[in-house]
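In the order they appear, the protein sequences are chains A and B. Take the first sequence: its position 197, counted from the start at 1, is 254 in our numbering, and no numbers get skipped. Take the second sequence: its position 49, counted from the start at 1, is 106 in our numbering, and no numbers get skipped.
Hints were generated in silico from the structure; no laboratory data involved. Among these hints, one or two may not hold up.
Just so you know, same-sequence chains aren't split out, so a pair can sit in one copy or run between any two.
[What the hints assert, rightly or not] No more than 25 Å apart at the CA atoms, straight line, and that leaves these computed lysine to any residue pairs for SDA-like:
(1) K127 - H330
(2) K325 - P135
(3) K141 - N220
(4) K277 - G227
(5) K332 - C226
(6) K112 - R86
(7) K127 - R265
(8) K325 - D123
(9) K317 - G207
Protein chains: 2
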Amino acid sequence: MSENLVGIDIGGTKILIILINKKGKIIKRIEFPMINKQYKNVLEKILLNLKTFGKFKSIGIGSAGDINSKKGIIRYSPNIPEWKNINLKKYFEKKLKVKTIVDNDANCAAYGSFVLDGKRKNKNLITLTLGTGIGGGIVIDGKLYRGSTGSAGEIGHITINPNGPKCSCGNPGCLEAYIGKKGRISIAKSMGFNKHVSDTKILTEYARNGNKNAIAAFSKIAFYLAVGLHNIIHIFNPDMITFSGGVSNSFDLLKDTLMKELNKFTFKTPLKHVKIRKSNYSKDLGAIGAAYLSRE
Amino acid sequence: MSENLVGIDIGGTKILIILINKKGKIIKRIEFPMINKQYKNVLEKILLNLKTFGKFKSIGIGSAGDINSKKGIIRYSPNIPEWKNINLKKYFEKKLKVKTIVDNDANCAAYGSFVLDGKRKNKNLITLTLGTGIGGGIVIDGKLYRGSTGSAGEIGHITINPNGPKCSCGNPGCLEAYIGKKGRISIAKSMGFNKHVSDTKILTEYARNGNKNAIAAFSKIAFYLAVGLHNIIHIFNPDMITFSGGVSNSFDLLKDTLMKELNKFTFKTPLKHVKIRKSNYSKDLGAIGAAYLSRE
Chain A
58 MSENLVGIDI
68 GGTKILIILI
78 NKKGKIIKRI
88 EFPMINKQYK
98 NVLEKILLNL
108 KTFGKFKSIG
118 IGSAGDINSK
128 KGIIRYSPNI
138 PEWKNINLKK
148 YFEKKLKVKT
158 IVDNDANCAA
168 YGSFVLDGKR
178 KNKNLITLTL
188 GTGIGGGIVI
198 DGKLYRGSTG
208 SAGEIGHITI
218 NPNGPKCSCG
228 NPGCLEAYIG
238 KKGRISIAKS
248 MGFNKHVSDT
258 KILTEYARNG
268 NKNAIAAFSK
278 IAFYLAVGLH
288 NIIHIFNPDM
298 ITFSGGVSNS
308 FDLLKDTLMK
318 ELNKFTFKTP
328 LKHVKIRKSN
338 YSKDLGAIGA
348 AYLSRE
Chain B
58 MSENLVGIDI
68 GGTKILIILI
78 NKKGKIIKRI
88 EFPMINKQYK
98 NVLEKILLNL
108 KTFGKFKSIG
118 IGSAGDINSK
128 KGIIRYSPNI
138 PEWKNINLKK
148 YFEKKLKVKT
158 IVDNDANCAA
168 YGSFVLDGKR
178 KNKNLITLTL
188 GTGIGGGIVI
198 DGKLYRGSTG
208 SAGEIGHITI
218 NPNGPKCSCG
228 NPGCLEAYIG
238 KKGRISIAKS
248 MGFNKHVSDT
258 KILTEYARNG
268 NKNAIAAFSK
278 IAFYLAVGLH
288 NIIHIFNPDM
298 ITFSGGVSNS
308 FDLLKDTLMK
318 ELNKFTFKTP
328 LKHVKIRKSN
338 YSKDLGAIGA
348 AYLSRE
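Take these sequences, add in the hints, and give me the full structure.
The structure is reproduced here in structure tokens:
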């Protein structure tokens with residue numbers, strides 16, 4: 058029987074499908090835009106692609122949002138509000154007779170990071186996905202921790218200031234309210250940038266070209282990221298913390314302030330122990346992690 | 058061989074020793090004040106008492122502070138600064154030829170709560186010890202989670218406001234800075250009480266007698282406790298959260314505001330699932346938990 062695994066990352070703007078072999082090497086990689094959000098069309102398109110992959114052992118699917126991982130259902134996804142209670146597990150298991158699992162994208166990213174970045178040796182590992190929102194995935198003792206109803210890891214929605222700015226979830230002072238897209242825009246604006254430039258990619262270009270205000274904006278983002286990491290370290294005392302998602306590509310601009318703040322505030326023993334880094338597999342991490350999870 | 062277990066709670070002001078049988082029933086209970094802090098005298102006194110206990114299977118010891126649970130050493134305890142690098146495991150195993158384990162008191166409390174309050178059915182459980190300081194113990198999937206270097210569960214030292222009041226650890230805005238003893242005194246003072254009355258026991262009497270300012274002080278304490286619990290629920294999505302320590306005896310005065318705040322802010326699915334309560338075994342929880350841990 059083939060040991061190859063399929064990983065699928067369902068995003069609001071694109072679908073990524075990969076096929077990896079036993080050793081984790083990517084054999085095939087297909088990406089297509091999420092244009093027609095009718096779920097039946099999307100699933101059929103995925104299916105057509107999978108039929109060109111030859112034999113494989115299992116399918117892992119990651120998606121943002123509220124996932125019932127036991128039943129393999131996307132209950133609701135903020136990036137694809139058209140999709141509600143879609144049972145992906147049932148669909149693919151019926152069509153392909155292959156074991157299928159579905160999980161939250163941050164969970165998939167954390168598991169992928171545990172296997173690849175941490176080489177399965179860093180048993181306690183947290184991954185933060187730094188994108189429009191801030192997601193969290195938790196690996197404890199080498200196993201993905203989903204919590205009692207599958208809702209664990211909402212690290213973007215821990216309160217770091219009860220008087221802080223309003224988050225997209227409606228609450229004041231969430232970590233995401235400071236360093237999610239909305240928070241980053243507001244920090245960039247406070248440094249004199251207009252809305253257009255406050256997109257993190259463009260802000261990164263400015264900072265890399267030496268623009269002092271852009272560098273200061275990253276330093277502010279790093280300060281709040283440090284508060285979040287400080288809390289994670291004090292709670293979990295993990296072996297490793299990794300970052301994925303768009304903003305992780307600017308980690309070099311965050312690192313100095315981040316480490317300076319942690320060195321000021323965080324308890325020495327757990328801080329000395331933890332490795333903090335950008336995932337080396339950022340772009341494909343969710344799909345690869347989903348594939349590995351499908352084998353567990 | 059006897060299935061009885063010994064649990065010892067080493068505190069800054071008293072030592073509690075219990076003997077429990079297989080079913081967790083307390084057979085013997087000895088308490089004596091920690092007057093002479095010379096560790097040799099204290100250990101000898103414990104030893105003399107244990108020799109009156111007949112046969113038992115193992116010893117579990119809980120203490121506040123920095124514990125090396127692998128080696129069974131109290132590295133440093135803030136309540137007994139005279140004790141430094143005391144190897145309790147070695148001492149009792151040599152003297153009594155009985156397996157001995159040593160762990161942080163909040164860890165012991167959480168494990169005791171898992172066995173007794175949660176009846177081993179609430180696999181993901183967090184215990185907060187509400188005393189002079191705020192401690193945390195974490196049970197994940199039925200096992201005590203200590204973190205990668207034994208420093209996990211420092212829930213009292215998560216930042217809930219980077220601009221907040223200074224904590225005893227030196228950092229600004231820790232949960233403990235708001236609801237630890239120092240924080241509670243400052244809240245009571247802000248409600249017009251003098252230092253004497255701001256002791257939580259006395260404040261509790263006032264509140265139970267209907268004093269409006271005392272009731273308002275508890276409501277403020279409950280607000281900050283809610284921020285801490287909100288974060289715990291979003292991170293862990295646990296089955297149960299329990300409280301031990303002195304202030305847990307005033308939980309009835311905290312509960313209404315606590316639940317009101319959580320209902321306002323915390324995600325519905327994990328909030329609906331989690332049971333939040335005072336431990337029924339508050340006073341002996343650390344010793345009982347230590348005893349159970351020694352059997353694992």
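Against the structure, the hints:
For a Cα distance limit of 25 Å, the shortest separation of K127 from H330 across copies, 17 Å, qualifies, whereas the shortest one inside one copy, 34 Å, does not. Taking identical chains as interchangeable, the C-alpha atoms of K325 and P135 lie at most 25 Å apart only when they sit on different chains, with a minimum of 16 Å there against 39 Å within one chain. When the C-alpha separation of K141 and N220 is checked against a cutoff of 25 Å, the pair qualifies neither within a copy, at 34 Å, nor between copies, at 41 Å. In the homo-oligomer, the alpha carbons of K277 and G227 lie at most 25 Å apart both inside one protomer (22 Å) and across protomers (22 Å), since each shortest distance falls under that limit.
In this assembly of identical chains, the alpha carbons of K332 and C226 lie at most 25 Å apart only when taken from different copies (23 Å versus 30 Å within one copy). When the C-alpha separation of K112 and R86 is checked against a cutoff of 25 Å, the pair qualifies only within one copy, where the shortest distance is 16 Å, while the shortest distance between copies is 65 Å. Proximity of K127 and R265 under a CA criterion of 25 Å is satisfied in neither setting, with 44 Å inside one chain copy and 46 Å between copies. Taking the closest pair of Cα atoms, K325 and D123 come within 25 Å of each other only across two copies (12 Å); inside a single copy the shortest separation is 36 Å, beyond that limit.
Taking CA atoms no more than 25 Å apart as the test, K317 paired with G207 passes between copies only; the shortest distance there is 24 Å, against 34 Å inside one copy.
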